[in-house]
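8 protein chains.
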Amino acid sequence: MNLNVYLSGEIHSNWREQIIQGCQESNLAITFSSANTDHNESDSAGDVLGAEDKSFWRDHKSAKVNALRTNTLIERCDIAIIRFGDKYKQWNTSFDAGYCAALGKPYVTLHSEDIIHPLKEVDATAHAWATSVQQIIETLKYISK
Amino acid sequence: MNLNVYLSGEIHSNWREQIIQGCQESNLAITFSSANTDHNESDSAGDVLGAEDKSFWRDHKSAKVNALRTNTLIERCDIAIIRFGDKYKQWNTSFDAGYCAALGKPYVTLHSEDIIHPLKEVDATAHAWATSVQQIIETLKYISK
Amino acid sequence: MNLNVYLSGEIHSNWREQIIQGCQESNLAITFSSANTDHNESDSAGDVLGAEDKSFWRDHKSAKVNALRTNTLIERCDIAIIRFGDKYKQWNTSFDAGYCAALGKPYVTLHSEDIIHPLKEVDATAHAWATSVQQIIETLKYISK
Amino acid sequence: MNLNVYLSGEIHSNWREQIIQGCQESNLAITFSSANTDHNESDSAGDVLGAEDKSFWRDHKSAKVNALRTNTLIERCDIAIIRFGDKYKQWNTSFDAGYCAALGKPYVTLHSEDIIHPLKEVDATAHAWATSVQQIIETLKYISK
Amino acid sequence: MNLNVYLSGEIHSNWREQIIQGCQESNLAITFSSANTDHNESDSAGDVLGAEDKSFWRDHKSAKVNALRTNTLIERCDIAIIRFGDKYKQWNTSFDAGYCAALGKPYVTLHSEDIIHPLKEVDATAHAWATSVQQIIETLKYISK
Amino acid sequence: MNLNVYLSGEIHSNWREQIIQGCQESNLAITFSSANTDHNESDSAGDVLGAEDKSFWRDHKSAKVNALRTNTLIERCDIAIIRFGDKYKQWNTSFDAGYCAALGKPYVTLHSEDIIHPLKEVDATAHAWATSVQQIIETLKYISK
Amino acid sequence: MNLNVYLSGEIHSNWREQIIQGCQESNLAITFSSANTDHNESDSAGDVLGAEDKSFWRDHKSAKVNALRTNTLIERCDIAIIRFGDKYKQWNTSFDAGYCAALGKPYVTLHSEDIIHPLKEVDATAHAWATSVQQIIETLKYISK
Amino acid sequence: MNLNVYLSGEIHSNWREQIIQGCQESNLAITFSSANTDHNESDSAGDVLGAEDKSFWRDHKSAKVNALRTNTLIERCDIAIIRFGDKYKQWNTSFDAGYCAALGKPYVTLHSEDIIHPLKEVDATAHAWATSVQQIIETLKYISK
Numbered sequence: 001m002n003l004n005v006y007l008s009g010e011i012h013s014n015w016r017e018q019i020i021q022g023c024q025e026s027n028l029a030i031t032f033s034s035a036n037t038d039h040n041e042s043d044s045a046g047d048v049l050g051a052e053d054k055s056f057w058r059d060h061k062s063a064k065v066n067a068l069r070t071n072t073l074i075e076r077c078d079i080a081i082i083r084f085g086d087k088y089k090q091w092n093t094s095f096d097a098g099y100c101a102a103l104g105k106p107y108v109t110l111h112s113e114d115i116i117h118p119l120k121e122v123d124a125t126a127h128a129w130a131t132s133v134q135q136i137i138e139t140l141k142y143i144s145k
Numbered sequence: 001m002n003l004n005v006y007l008s009g010e011i012h013s014n015w016r017e018q019i020i021q022g023c024q025e026s027n028l029a030i031t032f033s034s035a036n037t038d039h040n041e042s043d044s045a046g047d048v049l050g051a052e053d054k055s056f057w058r059d060h061k062s063a064k065v066n067a068l069r070t071n072t073l074i075e076r077c078d079i080a081i082i083r084f085g086d087k088y089k090q091w092n093t094s095f096d097a098g099y100c101a102a103l104g105k106p107y108v109t110l111h112s113e114d115i116i117h118p119l120k121e122v123d124a125t126a127h128a129w130a131t132s133v134q135q136i137i138e139t140l141k142y143i144s145k
Numbered sequence: 001m002n003l004n005v006y007l008s009g010e011i012h013s014n015w016r017e018q019i020i021q022g023c024q025e026s027n028l029a030i031t032f033s034s035a036n037t038d039h040n041e042s043d044s045a046g047d048v049l050g051a052e053d054k055s056f057w058r059d060h061k062s063a064k065v066n067a068l069r070t071n072t073l074i075e076r077c078d079i080a081i082i083r084f085g086d087k088y089k090q091w092n093t094s095f096d097a098g099y100c101a102a103l104g105k106p107y108v109t110l111h112s113e114d115i116i117h118p119l120k121e122v123d124a125t126a127h128a129w130a131t132s133v134q135q136i137i138e139t140l141k142y143i144s145k
Numbered sequence: 001m002n003l004n005v006y007l008s009g010e011i012h013s014n015w016r017e018q019i020i021q022g023c024q025e026s027n028l029a030i031t032f033s034s035a036n037t038d039h040n041e042s043d044s045a046g047d048v049l050g051a052e053d054k055s056f057w058r059d060h061k062s063a064k065v066n067a068l069r070t071n072t073l074i075e076r077c078d079i080a081i082i083r084f085g086d087k088y089k090q091w092n093t094s095f096d097a098g099y100c101a102a103l104g105k106p107y108v109t110l111h112s113e114d115i116i117h118p119l120k121e122v123d124a125t126a127h128a129w130a131t132s133v134q135q136i137i138e139t140l141k142y143i144s145k
Numbered sequence: 001m002n003l004n005v006y007l008s009g010e011i012h013s014n015w016r017e018q019i020i021q022g023c024q025e026s027n028l029a030i031t032f033s034s035a036n037t038d039h040n041e042s043d044s045a046g047d048v049l050g051a052e053d054k055s056f057w058r059d060h061k062s063a064k065v066n067a068l069r070t071n072t073l074i075e076r077c078d079i080a081i082i083r084f085g086d087k088y089k090q091w092n093t094s095f096d097a098g099y100c101a102a103l104g105k106p107y108v109t110l111h112s113e114d115i116i117h118p119l120k121e122v123d124a125t126a127h128a129w130a131t132s133v134q135q136i137i138e139t140l141k142y143i144s145k
Numbered sequence: 001m002n003l004n005v006y007l008s009g010e011i012h013s014n015w016r017e018q019i020i021q022g023c024q025e026s027n028l029a030i031t032f033s034s035a036n037t038d039h040n041e042s043d044s045a046g047d048v049l050g051a052e053d054k055s056f057w058r059d060h061k062s063a064k065v066n067a068l069r070t071n072t073l074i075e076r077c078d079i080a081i082i083r084f085g086d087k088y089k090q091w092n093t094s095f096d097a098g099y100c101a102a103l104g105k106p107y108v109t110l111h112s113e114d115i116i117h118p119l120k121e122v123d124a125t126a127h128a129w130a131t132s133v134q135q136i137i138e139t140l141k142y143i144s145k
Numbered sequence: 001m002n003l004n005v006y007l008s009g010e011i012h013s014n015w016r017e018q019i020i021q022g023c024q025e026s027n028l029a030i031t032f033s034s035a036n037t038d039h040n041e042s043d044s045a046g047d048v049l050g051a052e053d054k055s056f057w058r059d060h061k062s063a064k065v066n067a068l069r070t071n072t073l074i075e076r077c078d079i080a081i082i083r084f085g086d087k088y089k090q091w092n093t094s095f096d097a098g099y100c101a102a103l104g105k106p107y108v109t110l111h112s113e114d115i116i117h118p119l120k121e122v123d124a125t126a127h128a129w130a131t132s133v134q135q136i137i138e139t140l141k142y143i144s145k
Numbered sequence: 001m002n003l004n005v006y007l008s009g010e011i012h013s014n015w016r017e018q019i020i021q022g023c024q025e026s027n028l029a030i031t032f033s034s035a036n037t038d039h040n041e042s043d044s045a046g047d048v049l050g051a052e053d054k055s056f057w058r059d060h061k062s063a064k065v066n067a068l069r070t071n072t073l074i075e076r077c078d079i080a081i082i083r084f085g086d087k088y089k090q091w092n093t094s095f096d097a098g099y100c101a102a103l104g105k106p107y108v109t110l111h112s113e114d115i116i117h118p119l120k121e122v123d124a125t126a127h128a129w130a131t132s133v134q135q136i137i138e139t140l141k142y143i144s145k
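These protein sequence lines map, in sequence, to chains A, B, C, D, E, F, G and H. Oh and the first sequence: position 5 is 5 in the working numbering, straight run, nothing missing. Oh and the second sequence: position 96 is 96 in the working numbering, straight run, nothing missing. Oh and the third sequence: position 29 is 29 in the working numbering, straight run, nothing missing. Oh and the fourth sequence: position 89 is 89 in the working numbering, straight run, nothing missing. Oh and the fifth sequence: position 110 is 110 in the working numbering, straight run, nothing missing. Oh and the sixth sequence: position 145 is 145 in the working numbering, straight run, nothing missing. Oh and the seventh sequence: position 112 is 112 in the working numbering, straight run, nothing missing. Oh and the eighth sequence: position 6 is 6 in the working numbering, straight run, nothing missing.
By construction, these hints were calculated from the structure, which means they are not laboratory data. The reader is advised that the hints may include incorrect statements.
Computed beta-carbon distance windows for the label pairs [stated by the list, open to error]:
1) SER44(H) to GLN24(F): 21 to 27 Å
2) GLU113(E) to ALA29(G): 40 to 46 Å
3) HIS12(E) to GLN134(D): 35 to 41 Å
4) ALA51(C) to HIS39(D): 32 to 38 Å
5) GLU75(D) to TYR88(C): 28 to 34 Å
6) TYR88(C) to GLN18(D): 28 to 34 Å
7) HIS39(G) to GLY104(D): 45 to 51 Å
8) SER44(F) to ALA51(C): 22 to 28 Å
9) GLU17(C) to GLU75(D): 55 to 61 Å
10) GLU75(D) to GLN134(E): 42 to 48 Å
Yeah, the Cβ is synthetic: ideal placement off N, Cα and C, and Gly gets one too.
Sequences and hints are given; from them, build the entire structure.
As structure tokens, this is what we get:
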């Protein structure tokens, strides 16, 4: 079974690469996608459309240019992986989770045990919760059979 | 014009009461709704269905009982107000924003200027960003005409 | 908060009446509905449209006349209660659960512990699982606030 | 005409293999899919995500991991075959039928004559009822022309 | 149970009035609606928008003005009655049936036995087939309970 | 521009073959599809599922087996051609037109001038009306550029 | 038949008031709505949310605050009247027409004959084209019967 | 990331060719599409279906034949570019923008600074505003990564 899997969330560790490599080693027919994970490129995505004095509008333009890409990718995916790390607000990640939920796209969360409570609404709508990359890989192997 | 307005987010200040009172003083035909804002009641919403040893499952059950209520309210609303305070993770709030976005429900964010950057994706999809309760009231007055 | 609640499932005990009475005693603003729970009336719903020699077609006509009613009621409900008793096949009940799931209608299951395993797919999509009528009433009280 | 056909239901006889082989012998351009039909694998699908003391939660996790797979497959199929055998509750099978019905996915039921009555609602929404694998194969041949 | 019922089809007998009267005598909470059944008014519905030399465009304009009304009524109805008489082409009636089918609006056909064969596709998607006004009234009584 | 075109309607002349050949001669990237146009095969499509004494049920079963095929084809098409000849009731053809209309599938009608009036509702929702196969071919050439 | 009618377009003549008055004189059960038609108020709708140096962002904020109102009104309407005057760009008016078209909301255009050609795409999707307020009133009378 | 991009608007400059060439030079996996940009061909698209005396109906027929093509292309696109030049009414362009908005298709506007104000509603729903072809190319490069 071929799958499109969208990888949403934390950009400060190499969890994406680990999942992709683990799935490749098992020859799974999965196409992975994600937002631009280069922090600077992402923050400046809208700069080509003209400079802004206010940070709000600079952020606004960049966020919308990124959304051109991510909305399309989320619409196309079969499953999303929603990853929360231990730092930063990561509000865009739970925004993606809510967006997937309303579209009926199933998702799996990936986060450590110490943030169970603040993520309870996000986890309640998830199809699964994993604490390690290896669990995600095993789950993708299982459903790709 | 009558409106259903869903108030999502922070439960540690009285912003909901201020908005409701401000709109009542202007006799706006707005029906407000929100999740259960009593923290303890909300956390124990699923306890009636049986005790759980693991905090994950206790949270899971309570979050889903609350979702029975909030999903229905969000489906019924015309507009949501998405409020971020200066404390806590508030991932359920940006989850609500993403959920509204995918349903095509317009929302207005309410937060201070110092969290513009981490909220850029949430604000990019918003119809407006306000920094004070008074701005929300004025906006609701305007659109209720 | 007013609610439309559809009561699906077992017709051999008075669980519907108990729920309705329990909610009335608390003055909840809930409108309850259900399929025709009179077994003979339900089975003969299509007879007015002409007799059939084959039981398949008699069943077919009655099931479709009943569906005229139940499809409309399920479309209108906010929440469904899905009740499994300890006898009979009750395939129409899990059919209703699947129908609700695909429509995005949240539902709560009501069944005893000894049928957890065969109901695991139905429960996995439910917003809650209750084992007693009293738990259903308490849950409806909570979300009606 | 190429088709995606989802095979839902009984896992204790080789009806899936018979249908697939019969269609292959006629060189039909049909891609078949189904849930994991290995009972043990299916029941333990969620074990990789951590052990559970309560059977309810073990079942819950496994059912949801399986749903990650089956929801995607049902969304992609053009037609489903809904098979009821003569044993077990098979509530997940009629759940699938209801799910297909609400999505507008046409399905064909496959079951013997002695369970016509309890399946009347499931059959009423079906596009056809077959009693033998051979009838399913003939029907797929006809619509694949 | 209150219902909106749309009455589509033949305008040369008083079947609508009979159904409405029969339901009123039983105090059913049904709101009936239909297209304009005055043939001349219906054919000239677009004349107010300017005269046309070609009959095609006169028909076109009138049909579209009527559709302003009927599309809204069909969208609002819970159930449609689709009536075929023994004369005229009545293509608009089966058009309504197809329109209802694709919207998921259940309908009941009303026609005599001698046109079963040409109506087989229309009947196959119907929830019921009646041959007399009295059967329609009985069916509406049953589902209105 | 590649297109999927569904050819609905009359089965007593070779208009389908003419359109297909005309488009092939211009090398248009169009995939054509249609219901089974063999009258006997179509009428007996359900016979494999068991004999029926009543013609209503025989027709019912065959119409539904055919719908398994045609519903899928109509869902997949970009455009439909809706052809009315000068004989027979052809209610299934206007049913297809209504079905396409509600799904938002654009269609072109093909019929002679003398049935403009009874087809006014079907034509009013069409994107174009043609009186000859050649006009259909020219239109398909134009939009395939 | 009660109707919700949205009045979109030109704000420099009193066509809205004429339509509303004409319908009131006939006691039609129509609820009319429209965007804020006070040009200054509309242009400054977002000013309460903070001043902007760039006119683009001031316009952006005001347009989005107005959209909070108009999106809701268009979602609620049964029919829209789309009015083009003889001055200004009026791009928001044809934007509304396209928005209605994609939502399946029928609309009637109101404009003089000299702008037929540039409005051909907008008129092609309309249910009717009127050149005078009186024609709109007559059409609303007809469909309100 | 492969993309389908629909190019809507002005047909009097070579902005389409510039964008296509710019993207080809960077080997982007983008499939571009657009309405027929030959003014005469577009205006006469319906002529093959018969001559019309009134310019309204000639325009009507041509606009609808063109819509057969453009509706399909817009449904298939991931992103639209909405281009306004400095001449002509261009109401079909903002109609396309409104159509995309209601379908949830993200779009980028391309226009000079002097028409910001009349385009404020169109820009408010856009994901980005560009003033030069080069900015469009850079944005497409960024999101195609």
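Results of checking the hints against the structure:
1. SER44(H) to GLN24(F): 21 to 27 Å: holds (25 Å)
2. GLU113(E) to ALA29(G): 40 to 46 Å: At roughly 41 Å between Cβ atoms, ALA29(G) and GLU113(E) fall inside 40 to 46 Å, so the hint holds.
3. HIS12(E) to GLN134(D): 35 to 41 Å: violated (48 Å)
4. ALA51(C) to HIS39(D): 32 to 38 Å: Since the Cβ atoms of ALA51(C) and HIS39(D) sit about 44 Å apart, the hinted range of 32 to 38 Å is violated.
5. GLU75(D) to TYR88(C): 28 to 34 Å: Given range 28 to 34 Å: holds, Cβ gap about 31 Å.
6. TYR88(C) to GLN18(D): 28 to 34 Å: holds (30 Å)
7. HIS39(G) to GLY104(D): 45 to 51 Å: holds (46 Å)
8. SER44(F) to ALA51(C): 22 to 28 Å: holds (26 Å)
9. GLU17(C) to GLU75(D): 55 to 61 Å: violated (39 Å)
10. GLU75(D) to GLN134(E): 42 to 48 Å: holds (44 Å)
Figure legend: structure checked against the earlier numbered hints; hints not met, in rising order: 3, 4, 9.
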